[in-house]
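J.: Quick note, the sequence shown lines up with residues 1 to 239 if you use full-length UniProt numbering.
Rather than coming from a laboratory, the hints here were simulated on the basis of the structure. Treat each hint with caution, since some may be false.
[To be verified] Computed Cβ-Cβ distance ranges for the label pairs, DEER-style:
#1 E222 - R176: 15 to 23 angstroms
#2 N160 - K135: 27 to 35 angstroms
#3 E52 - K226: 24 to 32 angstroms
#4 G140 - I218: 47 to 55 angstroms
#5 R128 - E225: 31 to 39 angstroms
#6 E225 - H109: 20 to 28 angstroms
#7 Y21 - E69: 16 to 24 angstroms
#8 K125 - K19: 38 to 46 angstroms
#9 E222 - G140: 17 to 25 angstroms
#10 E141 - R165: 22 to 30 angstroms
#11 E36 - R113: 43 to 51 angstroms
Bear in mind the structure is a predicted one, so any value in this text is a computation, not a measurement. Ideal Cβ positions, reconstructed from N, Cα and C, are used throughout, including at glycine.
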Amino acid sequence: MLKNLKVESRYAMVQEAIKNYIIVNKLKPGDRLPTEQEFAKQLGVSRTSLREALKSLQALGIVDIKPGEGTIVRAFNLDAVLGSLMYNLLFESTELLEILQVREALEYHFLDRVIDNIRLEDIQKLERILALMEKKAKQGELFDEEDAAFHRLLFAPVGNSLLLRLLDIFWEVLHRLRDPIEVERDPLGSYMRHKRILEAVKEKDKEKARAFLVEHFISIKERVEKAVQKKQIGKGEQA
Numbered sequence: 001m002l003k004n005l006k007v008e009s010r011y012a013m014v015q016e017a018i019k020n021y022i023i024v025n026k027l028k029p030g031d032r033l034p035t036e037q038e039f040a041k042q043l044g045v046s047r048t049s050l051r052e053a054l055k056s057l058q059a060l061g062i063v064d065i066k067p068g069e070g071t072i073v074r075a076f077n078l079d080a081v082l083g084s085l086m087y088n089l090l091f092e093s094t095e096l097l098e099i100l101q102v103r104e105a106l107e108y109h110f111l112d113r114v115i116d117n118i119r120l121e122d123i124q125k126l127e128r129i130l131a132l133m134e135k136k137a138k139q140g141e142l143f144d145e146e147d148a149a150f151h152r153l154l155f156a157p158v159g160n161s162l163l164l165r166l167l168d169i170f171w172e173v174l175h176r177l178r179d180p181i182e183v184e185r186d187p188l189g190s191y192m193r194h195k196r197i198l199e200a201v202k203e204k205d206k207e208k209a210r211a212f213l214v215e216h217f218i219s220i221k222e223r224v225e226k227a228v229q230k231k232q233i234g235k236g237e238q239a
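Input sequences plus hints: build the corresponding full structure.
T.: Listed below in structure tokens is the structure:
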């Protein structure tokens, strides 16, 4: 069956066969896959190929290999995605701009729904966070935690947990890589942009809110792009 394919292709095919097995058999998180010997026989592959494919799927967060217990289907978890993104971005920092583009598109798309569903108590929480941002910005301090909390609370009224998790991941990637690639910080400007976004949301002005959100991301992307270019020039000089 899969035995005559090249090694890389065979492992990829085995991974797909395993995922298909999970779907077809409607396995749920916590369910066990067949034993290594039995599973290899079912798929028509060597135990070595199966073992390597399972290790790859474990790295992706799809299964969990437990010594003495077997291989168990894992619950959907985006932590593996974060790990993979962080690893890739250590070598390809230009991809950080692409991640920012995706994050911007998500926030832009859902902003109308935020305005339709946001409640007074949500706005009051956002105003409290904004006050902390203002205080720190005027003292020349950074406010990473407040920034992340602002975006999470702003989009919470959408009621989409996957959106919030994705935004968390994108934020975590930016937070971890911003200092290593030396992105210029702008606390006072960032505070003002967040303030304008919130004011437009309070006014239920969707067009203005979207415009201010785009303005906010333009500032971030410009500073990230500048840092990435500087890093690439530095690499060229070292070569």
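J.: The structure should be examined with respect to each hint, and the outcome stated for every one.
T.: A quick look at each hint next to the structure:
Between E222 and R176, the C-beta spacing of about 20 angstroms keeps the proposed range 15 to 23 angstroms intact. Restraint check, N160 to K135: a C-beta distance of roughly 31 angstroms satisfies the suggested window 27 to 35 angstroms. The given range of 24 to 32 angstroms is broken by E52 and K226, whose C-beta atoms sit roughly 42 angstroms from each other. Range check, G140 to I218: about 23 angstroms between beta-carbon atoms, so the 47 to 55 angstroms window is missed.
About 33 angstroms separates the C-beta atoms of R128 and E225, a value consistent with the hinted range of 31 to 39 angstroms. One distance hint, 20 to 28 angstroms for the beta-carbon pair E225 and H109, holds here, with the actual separation near 23 angstroms. For the pair Y21 and E69, the beta carbons lie near 18 angstroms from each other, so the given range of 16 to 24 angstroms is met. The beta-carbon spacing between K125 and K19, approximately 40 angstroms, falls within the hinted interval of 38 to 46 angstroms.
About 21 angstroms separates the C-beta atoms of E222 and G140, a value consistent with the hinted range of 17 to 25 angstroms. The given range of 22 to 30 angstroms is respected by E141 and R165, whose C-beta atoms sit roughly 28 angstroms from each other. Taking 43 to 51 angstroms as the suggested C-beta distance range, the pair E36 and R113 conforms, at roughly 47 angstroms.
The earlier numbered hints that this structure contradicts are 3, 4.
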